[in-house]
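Asker: Chain by chain, the residues:
There are 2 protein chains.
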Amino acid sequence: MKLTILGCHSATPRYDAHPTSQVLEVKGNLFLIDCGEGTQVQLRRFKVKFARIKNIFISHLHGDHFFGLVGLISTFRLLGREEPLHVYGPKGIKEAITLQLKLGKSWTNYDLYFHELESTTSQVIYEDDKVTVTTIPLKHRVYTNGFLFSEKPSERNLDIEAAVNYKIDQAYFNKAKQGFDIENREGELIKNELITKDPPRPKTYAYCSDTAYYPEIIPIISNATALYHEATFLDEHHELATKTMHSTAKEAAAIAKKANVGRLILGHYSGRYKDITLFKEQASLLFENVLLANDGKVFDL
Amino acid sequence: MKLTILGCHSATPRYDAHPTSQVLEVKGNLFLIDCGEGTQVQLRRFKVKFARIKNIFISHLHGDHFFGLVGLISTFRLLGREEPLHVYGPKGIKEAITLQLKLGKSWTNYDLYFHELESTTSQVIYEDDKVTVTTIPLKHRVYTNGFLFSEKPSERNLDIEAAVNYKIDQAYFNKAKQGFDIENREGELIKNELITKDPPRPKTYAYCSDTAYYPEIIPIISNATALYHEATFLDEHHELATKTMHSTAKEAAAIAKKANVGRLILGHYSGRYKDITLFKEQASLLFENVLLANDGKVFDL
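So the protein sequences, as listed, match chains A and B.
Numbering follows full-length UniProt numbering, with no gaps: position 229 of the first sequence is 229.
Numbering follows full-length UniProt numbering, with no gaps: position 71 of the second sequence is 71.
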């Protein structure tokens, strides 16, 4: 899993601070998460092969998370895209996008599918042979979901030396990787664990933005390899966070700790702070492995 | 009149080529013309005092001319704007913008007025004590208007020496500036032209984008101080221009010549051309005073 931050600042786009968007690469597939104004330019700036994006996930319909979507969809049309595109987001997103395409008489010449979300309980919304995407219902001023990207378990790793020693015919190697016990050339049933090893633990990435401090998400994101959690405010503006249904750095860290995630990535910083290292400082009081998102930063999970 | 080009490239935003938007300053008032994605960042980059924008004119509802509008409107809200904002654009623009604000529960806390256009004949759509704005119906794939900004005539310049010589009482100076003949201290009626001079000729700026070659606009824009006319293509792609209802540089120059404008500013270049000086070269074959728009360029008209 490779995460590229295209933008991680709250509110309005500025010359050097872009609104939320990120690209998650999972085993060669690109998933776009949120799409603030200017996302298509950020995709070009950071040389993301964006024709490879097939699925876009929108957390909520505040401008800094979706005003760039209609432009990206239009650009795909101009670039002659033929691959279908799937958009997952709150109910209403389809009308907002299609109305604008209609007004410009600019229908896409590729298939565009909207998957509108309105459930307030966690659900699987995407699945292929490598990844599952599950919603993480969040608490914000409008209907909002985070997204949990879970790799599917890989095949077991074959211990070729052991397999040869146990006289397993090569024709059964794939079956062994799938976890089956195998009869060897001498008719003996060989336990799978004798000839294979555990594959790497599947990775999970939890994206949670925007949200107030909301411990209800902990069971969904627990033990995630990495958690991106919004931290719009520092502790001194705790009341403002509560009022606007955002989180402080410390609250994000409290969630990370209780959910026992591998690492915490902070973002969605309010523009009022000049020095974002304070976010890390405050979160680190509660949780050890804190990283700061920044536009253009790439995290290898 | 001062014209600041925020973006002047066709189609999709790129890192170094922004879609259409420009700011016209007329006697201290700022008018925004078109608003492609990323316009709010360009306004900041070029240090335009954008809180002073009170009127926005949108030519047509293709994305590269209006996808930045909803973001700018939202930013005004976040910045605590209180002044009313007026938006002039094709029918449908109100629904497109308000639907997005509604979905984000992000209503503006300032008054936002939409003036939807659907007339196919030229009409005055804005007037204050300094400027009149008139539509220039254009020919494009969707309903499109250009805009003619006309300064109102200034008062006549008083020739103080002459006024004193003709024994005009100072109390009548303002009336003289307004063009009236004045009775002097000896009861003699003094002709206005003896004590005043012509004011500077009022300036006019004609914005025409996007449009096919369309000579019907000539009577509306004739003798304009400056004409901005789209030139998406060079002559070698003349057929493509016709097909997509855009203009070539030569066609823009033909319009400028027939309309006898003071100068021609070209823009809306297709991304296929690396060297935009060719636009000037081709237009200059027909019209002498050709200038090239470029992002960030300022024209003092």
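Hint data in this document are derived by calculation from the structure and do not stem from the laboratory.
Take these hints with a grain of salt, some might be off.
Here are the simulated EDC-like cross-link-like pairs (lysine to aspartate or glutamate), alpha carbons at most 20 Å apart as the crow flies [unchecked claim]: (1) K102/B with E183/A; (2) K94/A with E95/B; (3) K105/A with D129/B; (4) K49/B with D16/A; (5) K258/A with D235/A; (6) K257/A with D235/A; (7) K105/B with E95/A; (8) K105/B with E183/A; (9) K49/A with D16/B; (10) K102/A with D128/B; (11) K102/A with E186/B; (12) K203/B with E116/B; (13) K27/B with E118/B; (14) K47/A with D300/A; (15) K47/A with E155/B; (16) K102/B with E116/A; (17) K94/B with E118/A; (18) K105/B with E161/A; (19) K197/A with E183/A; (20) K274/B with D16/B; (21) K47/B with E116/A; (22) K27/A with D129/A; (23) K94/A with D129/A; (24) K102/B with E95/A; (25) K105/A with D16/B; (26) K91/A with E95/B; (27) K102/A with D16/B; (28) K105/A with E95/B; (29) K91/B with E95/A; (30) K177/B with D129/B; (31) K191/A with D235/A.
Asker: Please go over all the hints and tell whether each is borne out by the structure.
Answerer: For each hint, the structure was consulted:
Between K102/B and E183/A, the direct Cα distance comes to roughly 65 Å. Violation of the 20 Å bound is thereby established for this hinted pair. A threshold of 20 Å between alpha carbons decides the hint, and for K94/A with E95/B the separation of about 14 Å falls inside it, so the pair holds. Distance restraint check for K105/A and D129/B: the Cα-Cα separation of roughly 38 Å exceeds the 20 Å cut-off, and the hinted pair is therefore not satisfied. With a C-alpha separation of about 18 Å, the suggested pairing of K49/B with D16/A holds against the 20 Å cut-off.
Straight-line distance between C-alpha atoms of K258/A and D235/A comes to about 19 Å, which keeps the hinted pair within the 20 Å bound. For the hint linking K257/A to D235/A, the alpha-carbon distance of about 17 Å falls within 20 Å, and the restraint holds. Restraint check for K105/B and E95/A: satisfied, since their Cα atoms lie roughly 16 Å apart, inside the 20 Å limit. Proximity of K105/B to E183/A is assessed by CA-CA distance (about 64 Å); at most 20 Å being required, the pair is judged violated.
A distance of roughly 18 Å separates the Cα atoms of K49/A and D16/B; the hinted pair therefore holds under the 20 Å criterion. Taken as a hint, the K102/A and D128/B pair is broken in the structure, with Cα atoms around 34 Å apart against an allowance of 20 Å. At roughly 72 Å between alpha-carbon atoms, K102/A and E186/B are farther apart than 20 Å, so this suggested pair is violated. Between the alpha carbons of K203/B and E116/B the distance comes to roughly 26 Å, so the proposed pair goes past 20 Å and is violated.
For the hint linking K27/B to E118/B, the alpha-carbon distance of about 29 Å lies beyond 20 Å, and the restraint is violated. Proposed proximity of K47/A and D300/A is supported: the alpha carbons are some 17 Å apart, at most 20 Å. Of the pairs offered as hints, the one joining K47/A and E155/B is violated, with about 57 Å between alpha carbons and a cut-off of 20 Å exceeded. Between K102/B and E116/A the alpha-carbon distance is near 17 Å, which keeps this suggested pair within the 20 Å criterion.
A hinted pair counts as satisfied when its Cα atoms are at most 20 Å apart, and K94/B with E118/A does not qualify at roughly 26 Å. As the CA atoms of K105/B and E161/A are separated by approximately 63 Å, the hinted pair breaks the 20 Å bound. Restraint check: the Cα-Cα separation between K197/A and E183/A comes to about 18 Å, which is no more than 20 Å; the hinted pair holds. Note on K274/B and D16/B: the hinted pairing holds, with a Cα-Cα distance of about 12 Å set against a maximum of 20 Å.
Simply put, K47/B and E116/A have alpha-carbon atoms about 39 Å apart, too far for the 20 Å limit, and the pair is violated. Between K27/A and D129/A the CA atoms are separated by roughly 10 Å; this keeps the pair inside 20 Å, and the hint holds. With a CA separation close to 27 Å, the supplied pair K94/A and D129/A exceeds the 20 Å bound. Between K102/B and E95/A the alpha-carbon distance is near 12 Å, which keeps this suggested pair within the 20 Å criterion.
A hinted pair counts as satisfied when its Cα atoms are at most 20 Å apart, and K105/A with D16/B does not qualify at roughly 27 Å. Restraint check for K91/A and E95/B: satisfied, since their Cα atoms lie roughly 17 Å apart, inside the 20 Å limit. Proximity of K102/A to D16/B is assessed by CA-CA distance (about 28 Å); at most 20 Å being required, the pair is judged violated. Under the criterion of a C-alpha separation no larger than 20 Å, the hint pairing K105/A with E95/B is consistent with the structure, at around 16 Å.
Distance check on the hinted pair: K91/B and E95/A sit about 17 Å apart at the alpha-carbon level, within 20 Å; holds. Straight-line distance between C-alpha atoms of K177/B and D129/B comes to about 16 Å, which keeps the hinted pair within the 20 Å bound. As the CA atoms of K191/A and D235/A are separated by approximately 55 Å, the hinted pair breaks the 20 Å bound.
When the structure is compared with the earlier hints, violations turn up for hints 1, 3, 8, 10, 11, 12, 13, 15, 17, 18, 21, 23, 25, 27, 31 and for no others.
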